[in-house]
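A.B. asks: Listed below, chain by chain, are the residues.
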Amino acid sequence: MTATSPDGYIGRSVPRREDRRLLLGQGAYVADLVLPGMVHAAFARSQLAHARIAAIDLARAAAEPGVAFALDGAALAREMPPIGGMQVTAPKGWAERVEHRIGLPPQNLMASDRVRYVGEAFAVVCADSRYTAEDAIEAIDVEFEPLPAVVDPETAKEGEILHPDIGSNAVAELHVEKGDVARAMAAAPHRIRRRFRHHRYAAMPLECRGVAAEYDRRTDSLTVWSSTQVVHWVRKELAAALGMAEEKVRVLAPDVGGGFGGKGHVYPEDLIIPYLARRIGRPVRWVEDRHEHILNAAHSRDNIHEAEIGFDDEGRILAFRDRFVVDSGAYSPVGAGVAYNTTAHLLGPYHIENFSGTTEMVVTNKTPNAPYRGAGRPEATQVTERLMDIAADALGMEPAEIRLRNMIGPERMPYAVGLPYRDGVPMTYDSGDYPESLRRAVDEIGGVEAFRARQEAARAEGRWLGLGLGCYTEGTGVGPFEGATVKVDASGKIVVSTGACPIGQGHETVFAQVTADAWKVPIEDVVVLLADTSTLTMGYGSIASRSTVTSSMAIGDASDKVKAKVLAVAAHLLEASEADLELADGRVAVKGVAEMSVTLREIAAAAAPGWLSRRPEGSEAGLEATSYYEPPTVTSAHASSASRTPAGCGSSAMSRCTTLAGWSIPGSPTARSRAGWCRVWAARSTNRSNTTSRASC
Amino acid sequence: MKPPRFDYHAPESLEEALDLLADSGPDARILAGGQSLVPVLNFRLARPGVLIDINRVTGIAGIGDAGDRLTIGAMTRQREIEVSETVARAAPLLHEATGHVAHLPIRSRGTIGGSMANADPAAEDPAVAAALEATMVCRSRRGERRIAAAGFFVDVLTTALEPDEMLVAVEIPKIPAGAGAAFAEISRRDGDFALAGVAAQIALANGRVSDARISACGLGPAPVRFREAEEILLDGACEPAAIAAAAASVAAACDPHGDVHASAAYRRQLAEAMTRRALASARERAGGSA
Ligand SMILES: Cc1cc2nc3c(=O)[nH]c(=O)nc-3n(C[C@H](O)[C@H](O)[C@H](O)COP(=O)(O)OP(=O)(O)OC[C@H]3O[C@@H](n4cnc5c(N)ncnc54)[C@H](O)[C@@H]3O)c2cc1C
Numbered sequence: 001m002t003a004t005s006p007d008g009y010i011g012r013s014v015p016r017r018e019d020r021r022l023l024l025g026q027g028a029y030v031a032d033l034v035l036p037g038m039v040h041a042a043f044a045r046s047q048l049a050h051a052r053i054a055a056i057d058l059a060r061a062a063a064e065p066g067v068a069f070a071l072d073g074a075a076l077a078r079e080m081p082p083i084g085g086m087q088v089t090a091p092k093g094w095a096e097r098v099e100h101r102i103g104l105p106p107q108n109l110m111a112s113d114r115v116r117y118v119g120e121a122f123a124v125v126c127a128d129s130r131y132t133a134e135d136a137i138e139a140i141d142v143e144f145e146p147l148p149a150v151v152d153p154e155t156a157k158e159g160e161i162l163h164p165d166i167g168s169n170a171v172a173e174l175h176v177e178k179g180d181v182a183r184a185m186a187a188a189p190h191r192i193r194r195r196f197r198h199h200r201y202a203a204m205p206l207e208c209r210g211v212a213a214e215y216d217r218r219t220d221s222l223t224v225w226s227s228t229q230v231v232h233w234v235r236k237e238l239a240a241a242l243g244m245a246e247e248k249v250r251v252l253a254p255d256v257g258g259g260f261g262g263k264g265h266v267y268p269e270d271l272i273i274p275y276l277a278r279r280i281g282r283p284v285r286w287v288e289d290r291h292e293h294i295l296n297a298a299h300s301r302d303n304i305h306e307a308e309i310g311f312d313d314e315g316r317i318l319a320f321r322d323r324f325v326v327d328s329g330a331y332s333p334v335g336a337g338v339a340y341n342t343t344a345h346l347l348g349p350y351h352i353e354n355f356s357g358t359t360e361m362v363v364t365n366k367t368p369n370a371p372y373r374g375a376g377r378p379e380a381t382q383v384t385e386r387l388m389d390i391a392a393d394a395l396g397m398e399p400a401e402i403r404l405r406n407m408i409g410p411e412r413m414p415y416a417v418g419l420p421y422r423d424g425v426p427m428t429y430d431s432g433d434y435p436e437s438l439r440r441a442v443d444e445i446g447g448v449e450a451f452r453a454r455q456e457a458a459r460a461e462g463r464w465l466g467l468g469l470g471c472y473t474e475g476t477g478v479g480p481f482e483g484a485t486v487k488v489d490a491s492g493k494i495v496v497s498t499g500a501c502p503i504g505q506g507h508e509t510v511f512a513q514v515t516a517d518a519w520k521v522p523i524e525d526v527v528v529l530l531a532d533t534s535t536l537t538m539g540y541g542s543i544a545s546r547s548t549v550t551s552s553m554a555i556g557d558a559s560d561k562v563k564a565k566v567l568a569v570a571a572h573l574l575e576a577s578e579a580d581l582e583l584a585d586g587r588v589a590v591k592g593v594a595e596m597s598v599t600l601r602e603i604a605a606a607a608a609p610g611w612l613s614r615r616p617e618g619s620e621a622g623l624e625a626t627s628y629y630e631p632p633t634v635t636s637a638h639a640s641s642a643s644r645t646p647a648g649c650g651s652s653a654m655s656r657c658t659t660l661a662g663w664s665i666p667g668s669p670t671a672r673s674r675a676g677w678c679r680v681w682a683a684r685s686t687n688r689s690n691t692t693s694r695a696s697c
Numbered sequence: 698m699k700p701p702r703f704d705y706h707a708p709e710s711l712e713e714a715l716d717l718l719a720d721s722g723p724d725a726r727i728l729a730g731g732q733s734l735v736p737v738l739n740f741r742l743a744r745p746g747v748l749i750d751i752n753r754v755t756g757i758a759g760i761g762d763a764g765d766r767l768t769i770g771a772m773t774r775q776r777e778i779e780v781s782e783t784v785a786r787a788a789p790l791l792h793e794a795t796g797h798v799a800h801l802p803i804r805s806r807g808t809i810g811g812s813m814a815n816a817d818p819a820a821e822d823p824a825v826a827a828a829l830e831a832t833m834v835c836r837s838r839r840g841e842r843r844i845a846a847a848g849f850f851v852d853v854l855t856t857a858l859e860p861d862e863m864l865v866a867v868e869i870p871k872i873p874a875g876a877g878a879a880f881a882e883i884s885r886r887d888g889d890f891a892l893a894g895v896a897a898q899i900a901l902a903n904g905r906v907s908d909a910r911i912s913a914c915g916l917g918p919a920p921v922r923f924r925e926a927e928e929i930l931l932d933g934a935c936e937p938a939a940i941a942a943a944a945a946s947v948a949a950a951c952d953p954h955g956d957v958h959a960s961a962a963y964r965r966q967l968a969e970a971m972t973r974r975a976l977a978s979a980r981e982r983a984g985g986s987a
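Chains as they are written, first to last, in our numbering: chain R, 1 to 697; chain Y, 698 to 987.
Note that these hints are calculated values from the structure, not bench results. A few of these clues could be false.
What the hints assert, rightly or not - Here are the computed lysine to aspartate or glutamate pairs in the EDC-like style, where the Cα-Cα straight-line distance is at most 16 Å:
| hint | chain 1 | residue 1 | chain 2 | residue 2 |
| --- | --- | --- | --- | --- |
| 1 | Y | K699 | R | E292 |
| 2 | Y | K699 | R | D289 |
| 3 | R | K493 | R | E602 |
Said to hold, decoys possible - Computed Cβ-Cβ distance ranges for the label pairs, DEER-style:
| hint | chain 1 | residue 1 | chain 2 | residue 2 | range |
| --- | --- | --- | --- | --- | --- |
| 4 | Y | G955 | R | R194 | 29 to 35 Å |
| 5 | R | A75 | Y | M698 | 22 to 28 Å |
| 6 | Y | A763 | R | R463 | 47 to 53 Å |
| 7 | Y | S710 | R | R60 | 40 to 46 Å |
| 8 | Y | Q966 | R | V151 | 24 to 30 Å |
| 9 | Y | P860 | R | P15 | 54 to 60 Å |
| 10 | Y | S960 | R | E630 | 54 to 60 Å |
| 11 | Y | P918 | R | R194 | 40 to 46 Å |
| 12 | Y | F703 | R | P15 | 45 to 51 Å |
| 13 | Y | M698 | R | E145 | 26 to 32 Å |
From the three backbone atoms N, C-alpha and C, an ideal C-beta is built for every residue, glycine too.
Hey, can you work out the whole structure from these sequences and the hints?
C.D. replies: Laid out in structure tokens, this is it:
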């Protein structure tokens with residue numbers, strides 16, 4: 001057994017646990033699963049952006065050789081409800097803090113009476129191979145009556161209505177305001193108004209999506225493998241849609257080849273494939289091909305902003321107004337949260353007293369839009385930072401200077417922003433020195449003055465150099481929660497399971513580091529179980545760049561509970577007081593008396609129920625606990641980056657200050673109980689006061 | 698994205714391959730590197746009943762020196778051409794053009810024969826063949842047929858090959874002494890098919906242009922030589938004014954189409970710019986002063 005590292009594992013580079021199997025080709029993805037009797041599903045997908053399904057007949061397709069089953073959208077709709085949304089209803093806190101009108105359309109699992117985007121499925125075929133299934137798709141007789149396609153978000157309201165039940169293509173409107181924008185804007189010595197477009201993105205993970213499912217008739221239970229970032233969410237929707245107990249449904253994500261957010265919510269296929277497996281009594285697998293992925297996996301961003309700022313001669317921003325439209329595509333699988341997240345990040349690191357943000361979400365005949373990496377933040381930062389540059393230009397001021405003049409200084413921390421976050425809680429920036437962060441980034445590339453001199457010299461030679469600055473403050477470690485179960489099993493190993501679903505980030509390694517340090521055991525003695533609903537009752541998944549924070553908090557809390565039991569049992573075995581004991585190197589010893597110790601394995605045996613149990617009188621058997629970490633709200637992270645062009649020989653520097661969930665929210669109920677845990681964590685990893693800088697050339 | 702059903706043969710000799718081709722009729726397709734054919738099969742845009750995989754056929758790959766020309770076997774991978782010193786020396790135009798074809802993994806599979814037979818209007822190899830007056834060596838059970846490039850590329854994705862014929866080699870005349878060649882193209886992203894590309898080879902004798910070859914890809918249904926532009930250059934010093942006039946002539950004579958990637962007008966503009974670039978480099982490489 002290797003000894004525990006005296007400095008712990010957090011903050012140190014340790015070999016990634018997952019790499020060995022991945023590099024040796026021993027990883028296993030949904031497409032590698034072969035189940036006895038398995039059939040392969042293929043979907044018939046619309047090639048029209050908007051059309052009514054006038055007639056559909058699957059008889060010829062079903063009769064193709066090798067076809068096991070064929071089903072159209074209308075037939076499925078009679079048996080399965082539309083997919084449940086995450087935020088079809090707004091968070092509680094919005095009620096009094098965000099003016100909103102939300103009428104998001106439910107999404108049928110497959111189109112039943114009309115198709116609303118190219119790539120939308122309207123029928124599915126299961127056959128003995130994917131080839132035969134695709135042959136059968138070609139034999140589907142379907143008649144479409146084309147409808148006018150709505151493609152421009154700004155005129156979407158006048159277009160053909162996509163969802164007659166909703167009655168309008170404008171499906172949500174959100175508004176927040178602080179101060180008196182109208183007055184401040186009118187009184188401002190200078191005003192600038194600009195239009196910004198943040199285009200549509202399409203995530204392109206190396207592995208496309210995929211789902212396989214097997215139904216066990218004997219136990220009436222389902223096992224589902226999905227290339228997803230949210231196994232617990234999939235299970236919840238699936239159990240609800242099929243009317244099954246959640247414990248009868250096991251969802252796991254095998255190795256997942258990237259996601260970027262594109263696998264961050266429940267898709268129709270996550271429900272359809274398990275339904276088919278139960279319906280036809282054979283395992284079913286669907287592997288999304290690249291063509292399907294491009295058409296059908298959620299897209300993201302796609303905003304048009306009309307933004308205006310009012311400012312004085314010194315460059316102080318007096319008023320900021322932004323009105324933007326979000327092109328949501330045909331449905332909105334994750335709701336209005338991401339749109340509001342953009343609004344919530346518009347003020348960024350700046351103190352601006354008068355602000356108004358209005359969002360309109362419209363539906364168009366495009367692939368549905370859902371959050372990706374950043375979830376609305378890049379859109380906001382683009383708008384605010386461009387306005388800063390444009391205002392600086394108008395005043396003949398350095399772009400760094402105008403930012404410094406408007407930044408919230410460290411003396412104002414914690415800073416109440418005056419707007420609610422997307423979770424509905426009023427936003428507070430907890431800590432950080434934003435101006436210092438920007439100053440360091442600029443210094444890293446040699447300072448503004450030196451750059452201007454170089455720029456002028458280059459211009460004389462006909463070369464154009466540019467300086468780009470970008471500053472932002474973001475909410476991090478968002479809830480609603482994450483869970484973890486921690487056990488000391490009979491072998492003495494620490495077994496940890498959490499709701500995080502790795503898609504390439506190295507979670508197995510990260511949580512092993514965190515757990516090894518929490519328990520002071522060699523990292524080899526930690527077993528990490530991820531992305532499997534059978535190992536944890538409630539979990540949330542890997543979205544919003546939050547897993548290290550939220551899962552680690554839950555692991556820390558559950559570990560504290562189990563450690564208390566471990567110490568109690570050890571004290572009993574060693575006939576010592578708990579206060580005299582310490583945990584290190586996989587054993588509990590009396591402080592200063594190394595010979596007087598018991599191993600975790602011995603403690604586990606003593607804590608087990610049964611005739612051989614040697615636990616203290618009246619204590620509960622077993623060494624196991626589950627915790628759910630519910631962050632009270634987000635914490636704030638900030639970064640400033642500076643880069644100079646020309647590209648290729650450019651140089652960039654980034655400087656950031658980060659805080660941990662629960663670390664610096666004074667008075668928050670969890671802050672105190674988490675403090676000890678977080679201190680260890682923060683001191684060794686990101687550290688709230690540590691400002692890291694990066695420069696490259 | 699799976700192809701419809703087909704029968705698959707993997708012959709090991711040319712005779713066997715040609716027999717299969719002759720016996721299968723027009724429903725058969727040859728599979729070389731598969732970099733163009735497999736995607737169209739997967740999208741079900743082509744539905745051949747029979748695939749004849751010639752990857753195992755011996756004697757139809759490799760770069761040979763035949764005196765005044767190179768003989769390049771149809772199954773020679775584009776990557777082999779790209780790294781061949783023989784090609785770099787004797788057919789620098791083909792060498793430079795090949796570097797523009799797709800991405801490394803695609804060139805590692807894709808073949809010169811496949812590219813010629815596929816006759817994509819935006820492909821580089823056919824443009825080079827047209828400029829250099831390459832000869833396509835074709836075989837069928839009936840015998841051998843040698844087709845000049847000018848007669849080989851008929852239209853978009855259409856060649857003079859008969860259904861029972863296979864391209865077995867491409868003969869590329871070597872660059873004469875005192876000549877320079879250059880290939881210039883524009884694509885939105887590195888490795889994409891060209892929006893427009895121009896191939897040029899200039900021979901100088903006593904500072905005068907004794908031979909000029911200009912052809913293009915992406916600028917018409919099939920590659921052709923731009924004879925009028927070549928005439929403008931002949932016997933001149935290939936000075937900037939002549940290059941400009943030749944470029945204007947190419948722009949006027951080409952027949953580009955507009956699509957989602959670029960309008961016809963923009964491609965025509967590119968034709969002029971690419972001709973200028975290619976000619977200027979070719980002249981410089983031929984030893985002419987800048
Ligand atoms: C992403 C991507 C980008 C690309 N970009 C470019 C580019 O920039 N420029 C470019 O030129 N190409 C490009 N290509 C095409 C690529 O270069 C192909 O490899 C080439 O066009 C065909 O060669 P192949 O050996 O793969 O032929 P295959 O795909 O095997 O065959 C192509 C066609 O030619 C026929 N054929 C093949 N060999 C013979 C033969 N010996 N006799 C008769 N018929 C034959 C086949 O039946 C088929 O119809 C690209 C391809 C991809 C996938």
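A.B. asks: Which numbered hints does this structure break?
C.D. replies: As far as the earlier hints go, not one is violated by this structure.
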